[in-house]
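Peer 1: The lines below spell out each chain.
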Amino acid sequence: MTAANKNKRFKAKHQRLVLVVVALIALIGAGLLATWALRNQASYFYVPSEMLEAPPAPDRAVRLGGMVQTGSIKTDDDGVTIHFLVGDGKETVPVAFSGIVPALFVEGSGVVAEGHLRRDGTFQADNLLAKHDENYMPRELENMTETEVKQTVAETYQ
Amino acid sequence: MHGFANPKRFLSLARWLTPLLLVAGLIIAFGALAYGLLVAPTDRLMGETVRILYLHVPAAWLGMGGWTTIAIASLAELVWRHPLATIAARAAAVPGAVFTAICLITGSIWGRPTWGTWWVWDGRLTSMLVLLFLYFGYIALSGAVSREGGSSRIPAIFGLVGAINIPIINRSVVWWNSLHQPPSITMGKSAIDPAFLWPLLIAALGFSLLFGGVVLARMRALLADIQAEARLRRKALAEGL
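Residue numbers (full-length UniProt numbering), protein chains in the order written: chain A, 1 to 158; chain B, 1 to 241.
The shape of chain A in the complex, shown without the other chains:
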């Protein structure tokens, strides 16, 4: 193989590399633009402050997600209708629901309610989904003393 020939082959390889890199940058740019444009539409639910800022029409089916406020779950006299507050740290929205709740539906835990916002500002849920957070902790930790838990959690989070 002559030196000129070798040089040519070397160049072809580099040309392809540059082409692929340019194509990939364009592709990633397009993907980022698309996902950025989708950032509101692709969200699965509204959080309470978004819902209060721009309340959806009462006939529009929407989802509300957030934390079930501690001490807010109240059961009506009929035994199946519950009322609770969903908060996102800034605002809270009252929610009403009749039916069977998922096993993970507890106070202080995440929830996604499907339904519509009533005119009186209460969210009428047709369905409740429990949202699990990213923490996984054995049941044994619950019976530990405060300092033991702190120590274990500190180890977990490093």
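If you're looking for bench data, these hints aren't it; they were derived computationally from the structure.
A virtual CB, placed ideally from N, CA and C, is assigned to each residue, including glycine.
Some clues are possibly wrong.
Covered by chain B, per the in silico footprint, the following chain A stretches (three or more residues, Cβ under 8 Å) [stated by the list, open to error]:
#1 11-20
#2 41-52
#3 68-76
#4 125-136
To list a few chain B residues with every Cβ distance to chain A over 10 Å, as calculated [stated by the list, open to error]:
#5 44
#6 144
#7 154
#8 168
Chain A is already provided as a structure; the job is to place chain B on it using the hints.
Peer 2: Showing chain B alone in chain A's frame:
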């Protein structure tokens, strides 16, 4: 890497590495699964259902790892024309699709008791389903190209373009509100208690070895196919003369 351009050299390495990876992967993965199913503690909220974690999470990682393998091999095919690149990409597609399907099925089974639903169209679940469809497309396309002839650069371009979905899957729970929880394991930090984390990491190691073993075994099979076909063609030519 071009040391392996000669398939003979690759084959002599793959011959002993394939059974080693398969056996080690099977032992480690099923040991970790057995530990996770029988010994590991239950979760404070989810109870026993947390045990599906040891299958769901490694399957999700390897489903994405499979396409990352396809993307890297596609890059090697397009830029360096490495002779093994196309074969490696084809070999990774089927186990990648299987792990993606396992991730979706176990996730659905896990979602029913914890979230209260089998399926929702949130960002994470939808992008993972798209990954499975991308695998189907890649398997069909690369199979058609190898059967009916055509440039192996066509599936390579598809493999590279499809890689855009991988960061979307990874970031979907951060960019958008989703029912799926945000990542538990991030750079140097874990919100998973060590009692769950260690068997999970060992299960992931075992399934990764298994994945590597399957990819090598499939690469050997594909190479043997090509060899047999070339031999038949030579024979036919010789008879024709």
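Peer 1: Kindly indicate which numbered hints from before are broken by the structure, ordering the numbers from low to high.
Peer 2: Result: hints 3, 5 and 8 break, sorted rising.
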